[in-house]
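Sequence lines, in order, name chains H and X. For the first sequence, position 261 matches number 261 in our numbering, and the numbering has no gaps at all. Heads up, our numbering is the position in the second sequence plus 1000, with the first residue counted as 1.
Because the hints were derived from the structure by calculation, they are not lab data. Honestly, I wouldn't trust all of these hints.
Each pair of labels, with its calculated beta carbon distance range [claimed, not checked]: (1) Arg48(H) / Ala1084(X): 56 to 62 Å; (2) Gly420(H) / Ser1075(X): 21 to 27 Å; (3) Arg1110(X) / Asp447(H): 43 to 49 Å; (4) Pro101(H) / Glu1090(X): 41 to 47 Å; (5) Thr1071(X) / Gln506(H): 51 to 57 Å; (6) Arg438(H) / Arg1110(X): 22 to 28 Å; (7) Pro219(H) / Ser1074(X): 26 to 32 Å; (8) Ser1075(X) / Arg327(H): 33 to 39 Å.
Every residue, glycine too, gets a C-beta built ideally from N, C-alpha and C.
The residues making up each chain are set out below.
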Amino acid sequence: MAKGYLIPVLHCHLPYVRHPEHDDFLEEDWFYEAVAETYVPLLLMLKRLQAEGSRFRLTLSISPTLCEMMCNELLRARCVRYLERHVELAQKEVARTRGTPFARAAEMYLERYRCVHSAYVGRYERDIVGPFRELARSGHIELIGSAATHALLPLLGEEQGKAAQVRVGLGSFRKHFGRAPEGFWLPECAYESGLEALLAQNGIRYFFVDTHGVLLAEPQPPFGVFAPLRTPAGPYAFGRDVESSRQVWSADEGYPGDPLYREFYRDLGHDAQLDYLRPYLHADGVRRNLGLKYHRITGNVPLDRKEPYDPAAAHRRAVQHADAFVRERAAQAARVRRATGAVPVIVCPYDAELFGHWWFEGIWFLERVLRQVDRTRDLECVTPGEWLSEYLPEGHARQSGQPAFSSWGYRGYLDVWVNGSNDWMYPRLHAAESAMIRASAHFASTDGLVRRALNQCARQLLLAQASDWAFLVSTGTASHYARRRFNQLMDRFDVLLAQAEGGAVQPDVLRQYESLDDAFPELDHTVFCAADAGD
Amino acid sequence: MREMHRPPGGGPDRPRDRVTINFEGADRIGVLVRHPESVYVYWRLEGARSAEVVRDLGGECQWVLRVLDLTENSSETFPVQPEAGNSYVEVKPGRTYGFELAVTARGKWRTVCRTERVEVPPAKQVPGAEAPAPVLERLRPGTPDRDVPGLRYETTLPYLATSPGPRSTEGG
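So that you can see chain X by itself, here it is in the shape it has in the complex:
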């Protein structure tokens, strides 16, 4: 389990993970870098801290996700629904971020949980660096999923992250 109270900008220089999960009781937040311009942030508010903060600030509070750009020393705050549990956040390639879930009310701010530093990779823009764009829609045409109880149509090997499979003018 990671250190819980270190400010995102004040930790060691070396980012440890792309996934960071900080626990405060059972309140937790995690972040996954999926692309140089997009991260997935999730949270689960099942602990004492979140309930305590809401009680402390009263009923008119607002949940927010603060995105700290630690490269530029700037931040942005987005209102979130606590029960939503996740958000996709646009980021800039090559920067370091921290993410913080907090509650605000009447000028007061209470942080519930925060991630460690997260490094977002640089964009894929080197001349000639473009890997062949795999054609996702052609990967697994096969027969479609049928969510009919008792009927399962799937059969063929499902795997291959980048294979186009043989080309056909008509998928399955």
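Looking at chain H on its own, in the form it has when it is part of the complex:
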């Protein structure tokens, strides 16, 4: 028996951004950047470990909107274009920086973009869902489901609306991965009483909550977050570990702030001559980040005094940090074991995009952590499903209770998603949700254009319910786009619902909206009126 169990969890998510009406669209870059900097490097790293024979375990959530984007032909084609342009730019950069302190970084970028392009276009044939599915089949990763569009379930208006998000999300999972998931990622770990019953009705065995979701459970669980909490409805809640979270998440104490690591905020797109960059910018010609960054964090100095980035030194530091992380988890497990007499479970969930995109060295860190845990006898990497099946019956710590309302957002609740900047969204969302449920029940057996229109209404509503829009407005990042996109989705919902209810669906309008907002093509609007929400 291991002395401690480590459950690393990565949550991959992006909102559904696809704009076929434009030849290139700025916010679509979020997807291409994530493919280039996180998803493909992560896949390559996991495949490398698998080839080495490493017995690593990783729990991975790929949100349904992201799965849909990964499988969308238009986005795949544009992703290839993005990678080709970056290979070309990186080639120019190698020539431009030759003989300068930036040469090694430029060579590293060229190698990286070539490698990602080759894997994406060649080995994976533009399908990055497939390789994750294969890793799940071999048991190295455990894929879990999530809500359809990353809606914060506690902020939806109706039980049927919550059930629709869960069901559509699980349907998407089955479509992409060929089976039902055991686990579920609650968007933003936002939990409220009753969700465990909805998840249980949908065959879910476990989910994740933030630390205080477990520590404030009723009754207070004796093992805290170091053992999963069996909820009254049956599914287990795994609580986030504080110490390991802080080491990676914290801006002040976390590893990503090390002076040797790459400085995120200084980018070639703002440093080089505009004429040189123009072929790699969008049609508006406005400077933007291009992902090639040549400086390290350095320390407490302004951006113009950052020092050249040394990839080799940063790699060495990532290895040191990973080794320290594993040592500290082993020491933590020993402490908990002494205090409780039980072998602890340490749950470490992170947003996947932190690794590679925000924290450039994060993939190196993760690779080393997974490799080192496999080598140590003090810790064992497991997935929640594996732990529940294989270890729970062995007499490990058991506890049960009702988790507390919580999220992993700022201050631990929902302030970020409901505040003076974004609260205007909710009356409209809730009214649409109620109208959708009503119309879905009324027209449940109607076929033809009305059915198609209601299916599209359901699509528009689900996409509008994404927590991303409120988040982006709240944080002021891409808030202009988030506002416009939210209103666009809701306007289309209103138009189609009025047409459907009035029996006057205009086929050309319907076709246009179906083409523009095409996520979940198999969606059936009656998911909103199921008699027993959650069956």
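Fit chain X to the known structure of chain H by using the hints.
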């Protein structure tokens, strides 16, 4: 659609939702729990009931939001502007509330719409329970929004609810 006329304190014991929306015609009220000490209440007065109540009570009426503390069996009433459409209400952790939008005049009281019971979560005060405080202001420094028509500066991945991103001494 929820039951409309059940008094907040008289419904089933099990609170159903944190969001409750009751319709009376098209007059509606909703509440979202955002924090153990704060809820967001909104209303939309677009139906017959609100117009009828105002007509019935005459021009000198006052719109009020009544906050019913169903745990303590107490209530507080706040004047509101009907056109404001929303209010943030301070609440106490761990209690159950109901919210009611009403009109008063000359000692008369007319309820226009009310929510169901809403459970506010307990405060996050267990020793050692403090999750690492994510540093929101560092999450998405990137380049700022520019509301200039035709110009869009945003580029980088916007997401990560809790990630600090790499530390920099100078945001974007």
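Outcome of the hint check:
Take Arg48(H) and Ala1084(X): their Cβ atoms lie about 58 Å apart, and the range 56 to 62 Å holds. The beta-carbon spacing between Gly420(H) and Ser1075(X), approximately 26 Å, falls within the hinted interval of 21 to 27 Å. A hinted range of 43 to 49 Å for the beta carbons of Arg1110(X) and Asp447(H) is consistent with their spacing of about 45 Å. In this structure the hint that Pro101(H) and Glu1090(X) lie 41 to 47 Å apart at CB is violated, the actual value being about 56 Å.
Range check, Thr1071(X) to Gln506(H): Cβ separation about 52 Å, and the 51 to 57 Å hint holds. Between Arg438(H) and Arg1110(X) the Cβ separation comes to about 27 Å, which falls inside the hinted range of 22 to 28 Å. Checking the proposed 26 to 32 Å range against Pro219(H) and Ser1074(X) shows it holds: the Cβ atoms sit about 28 Å from each other. Restraint check, Ser1075(X) to Arg327(H): a C-beta distance of roughly 56 Å breaks the suggested window 33 to 39 Å.
The structure fails to meet hints 4, 8 from the earlier list, while all remaining hints are met.
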